[in-house]
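Quick note on numbering: the numbering used here labels position 31 of the sequence shown as 80, and the sequence is numbered without any gaps.
One should not assume that every hint holds.
EDC-like, lysine to aspartate or glutamate: derived pairs with alpha carbons at most 16 Å apart [what the hints assert, rightly or not]:
#1 74 to 62
#2 414 to 62
#3 74 to 267
#4 81 to 129
#5 74 to 105
#6 135 to 149
#7 81 to 269
#8 74 to 269
#9 289 to 266
#10 73 to 105
#11 399 to 154
#12 381 to 154
#13 252 to 269
#14 135 to 118
#15 290 to 266
#16 271 to 253
#17 381 to 395
#18 399 to 388
#19 73 to 388
#20 394 to 415
#21 300 to 326
#22 160 to 195
#23 252 to 266
#24 290 to 268
#25 414 to 392
#26 414 to 154
#27 396 to 154
#28 322 to 286
#29 289 to 268
#30 322 to 293
#31 289 to 267
#32 135 to 346
#33 81 to 392
#34 74 to 61
What follows is a set of in silico ranges between Cβ atoms, one per label pair, in the way DEER data are often shown [as the list claims (entries may be wrong)]:
#35 170 to 365: 23 to 29 Å
#36 415 to 354: 26 to 32 Å
#37 266 to 350: 30 to 36 Å
#38 396 to 127: 28 to 34 Å
These aren't lab readings, by the way, just hints derived from the structure by calculation. C-beta atoms are modelled at their ideal positions from N, C-alpha and C, and glycine is treated no differently.
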Amino acid sequence: MLTIAVTAESADETRVAVSPETVKKLTAMGAKVRVQSGAGARSFFSDDALRAQGAEIAGSAAEALSGADILLKVRRPAAEEISQLKPGAMVFSILNPYDDRAGLEALAATKASLFAMEFMPRITRAQSMDVLSSQANLAGYKAVVDGASMFGQALPMMMTAAGTVPAAKIFIMGVGVAGLQAIATARRLGGIVSATDVRPATKEQVQSLGAKFIAVEDDEFKQAQTAAGYAKAMSAEYQKKQAELVANHIKIQDIVITTALIPGRPAPRLITKAMVESMKPGSVIVDLAAERGGNCELTVPGQTTTVGGVRIAGPITLAATLPFNASSLYAKNLLAFLETMIDKKEKALKVNWADETVTGTLVAKDGAIIHPNLAAAS
C-alpha cells in the first residue's frame, strides 16, 4: 500500500501539509496517510479530525516516517527525516532551493526524489497546484488588514454631522497574485487605491478592480514581461524614471504595500530612504518582499520599525498568520499534484517523469541535483 507521511513542522511554522479534506481524498485513492500526532494543531486540525477522515496518527516523527513512500512537508525537511523513508522515496515541500546549497545537496544525497512546489510551472492545468499563488493570495489580503490596523485611522470616507473623515490612500507596488488581492481587499475596505507594476498586462487588471494604474509607460515598459508571466529586470534608466514617478506619488500615500519579487534573486528596491522620509507621520509600509531583503531600503526582515513616524513592517511568510486557510490551500495544492501521480485503478504510484509539472518541480533524483536552474551551480 502507498504510504504518505506528514510530520510536524519547525516551531516557527504554523502550517501543515495535510488537512482533513485531503486526508479523506488521499485515502479514497488507496493511500495510507500517516500523520505525526499534533502536526496539525497550529492549523486547528486536531488528531481526532484527521483520524475521522482516515488518517493514521503516529506517536512520533520516526513512526510516521518509517518506510513511507512519500513525505509531505511545508518547509524543507532535514536529511535525517528523509533517511527514514523508503529508498528512492518522494518528498514534496517548499524547498527554498536557492538558499543553503549545502543543505540541499545533503538532501539530494539521500537519493530521494525532491520536488520544490514553488517551482510549479505557471501553466493553466497546474493552477490548482500553484503554492506560490495560494499563499500569496492570503498574504496580499493579510497585508492590507495588518496595514489598516497599524495605520490607526479609518480607511473609508465617512460623512458625519461632525465633519467628513477622508478615505485613506493605499498604494500597491507589484501586481502579482498578492498585489491583486491587496487591491481588492483595500477597495472593499473603502480606500482610494492605486497600484504599479512593470508588466504592461497588469494595467487592465488594476483598472478592472477599480484602482488607478501608476507607471512610466514607455517602449521598455511594453516589453517588461517574461513568457512565464514574471517581471523582467528593468534598465537603470527605466528604474530612475519609475523611481521619480513613484517618489512623487508615495509622499501622499497613507499605506504602501510592496510585493515585488523575482525568483531566485534579491528583491528589487522600490522605496528609498528618501521616499520614506517624504511620507507623512503615521503612514505605513508593509513589505511582503522582506524575506528576500525587502522592496524598501529600510525594511528589517521579521520586524516592524519606525522611521520619522512611518512604520515599516517586514513580515516573513505572512500567509502563515492565517494557518487554517494557508494549510487548507497548500494541502489542496499537494493533493492536486499527487492526483496526477497515483493510478486510481491500481491504487499505486504511476509517475510520468516527462510531464511538465514533474520536470518543472523535480530538483533532485538518484542522488544528484538535476533541475536546470540549479544543476549549473553543482
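Tested hints:
1. Between residue 74 and residue 62 the alpha-carbon distance is near 25 Å, which puts this suggested pair outside the 16 Å criterion.
2. A distance of roughly 27 Å separates the Cα atoms of residue 414 and residue 62; the hinted pair therefore is violated under the 16 Å criterion.
3. For the hint pairing residue 74 with residue 267, the CA-to-CA distance comes to about 50 Å; that exceeds 16 Å, so the pair is violated.
4. A C-alpha spacing of about 22 Å is found between residue 81 and residue 129, which places the hinted pair above 16 Å, so the restraint is violated.
5. Restraint check for residue 74 and residue 105: satisfied, since their Cα atoms lie roughly 14 Å apart, inside the 16 Å limit.
6. For the given pair, residue 135 sits about 25 Å from residue 149 by alpha-carbon distance, which is inconsistent with the 16 Å threshold.
7. Taken as a hint, the residue 81 and residue 269 pair is broken in the structure, with Cα atoms around 53 Å apart against an allowance of 16 Å.
8. Our distance criterion of 16 Å between C-alpha atoms is broken by residue 74 and residue 269, whose separation comes to about 47 Å.
9. Restraint check for residue 289 and residue 266: the C-alpha separation of about 13 Å stays at or below 16 Å, so the hint holds.
10. A threshold of 16 Å between alpha carbons decides the hint, and for residue 73 with residue 105 the separation of about 12 Å falls inside it, so the pair holds.
11. Of the supplied pair hints, the one linking residue 399 and residue 154 is violated, its CA atoms being roughly 26 Å apart against a limit of 16 Å.
12. Pair hint residue 381 plus residue 154 does not hold up; C-alpha atoms about 28 Å apart against a cutoff of 16 Å.
13. This hinted pair checks out: residue 252 and residue 269 have alpha carbons roughly 15 Å apart, not beyond 16 Å.
14. Proximity of residue 135 to residue 118 is assessed by CA-CA distance (about 6 Å); at most 16 Å being required, the pair is judged to hold.
15. Note on residue 290 and residue 266: the hinted pairing holds, with a Cα-Cα distance of about 10 Å set against a maximum of 16 Å.
16. A threshold of 16 Å between alpha carbons decides the hint, and for residue 271 with residue 253 the separation of about 13 Å falls inside it, so the pair holds.
17. Restraint check for residue 381 and residue 395: the C-alpha separation of about 22 Å exceeds 16 Å, so the hint is violated.
18. Using a Cα cut-off of 16 Å, the hinted pair residue 399 and residue 388 holds, with the two alpha carbons roughly 10 Å apart.
19. With a C-alpha separation of about 13 Å, the suggested pair residue 73 and residue 388 falls inside the 16 Å cut-off, and the hint holds.
20. Restraint check: the Cα-Cα separation between residue 394 and residue 415 comes to about 28 Å, which exceeds 16 Å; the hinted pair is violated.
21. For a cut-off of 16 Å, the pair hint linking residue 300 to residue 326 stands: about 9 Å separates their Cα positions.
22. Our distance criterion of 16 Å between C-alpha atoms is broken by residue 160 and residue 195, whose separation comes to about 42 Å.
23. Note on residue 252 and residue 266: the hinted pairing holds, with a Cα-Cα distance of about 10 Å set against a maximum of 16 Å.
24. For the proposed pair residue 290 and residue 268, the alpha carbon gap of about 13 Å is at most 16 Å, so the pair holds.
25. Using a Cα cut-off of 16 Å, the hinted pair residue 414 and residue 392 is violated, with the two alpha carbons roughly 21 Å apart.
26. In summary, the hint linking residue 414 to residue 154 is supported, as the alpha carbons are separated by about 11 Å, within the 16 Å threshold.
27. For the given pair, residue 396 sits about 32 Å from residue 154 by alpha-carbon distance, which is inconsistent with the 16 Å threshold.
28. Among the hinted pairs, residue 322 with residue 286 is inconsistent with the structure: their alpha-carbon atoms are about 20 Å apart, more than 16 Å.
29. Taking the CA atoms of residue 289 and residue 268, the gap is about 15 Å. The hint holds against a cut of 16 Å.
30. This hinted pair checks out: residue 322 and residue 293 have alpha carbons roughly 14 Å apart, not beyond 16 Å.
31. Between residue 289 and residue 267 the alpha-carbon distance is near 13 Å, which keeps this suggested pair within the 16 Å criterion.
32. As the CA atoms of residue 135 and residue 346 are separated by approximately 46 Å, the hinted pair breaks the 16 Å bound.
33. Of the pairs offered as hints, the one joining residue 81 and residue 392 holds, with about 14 Å between alpha carbons and a cut-off of 16 Å not exceeded.
34. Proposed proximity of residue 74 and residue 61 is contradicted: the alpha carbons are some 28 Å apart, above 16 Å.
35. Roughly 26 Å separates the CB atoms of residue 170 and residue 365, a value that falls within the hinted 23 to 29 Å.
36. Separated by about 46 Å at the C-beta atoms, residue 415 and residue 354 break the suggested range of 26 to 32 Å.
37. As the Cβ distance of residue 266 to residue 350 is approximately 32 Å, the hint placing it in 30 to 36 Å holds.
38. In this structure the supplied range 28 to 34 Å holds for residue 396 paired with residue 127, their Cβ-Cβ distance being about 30 Å.
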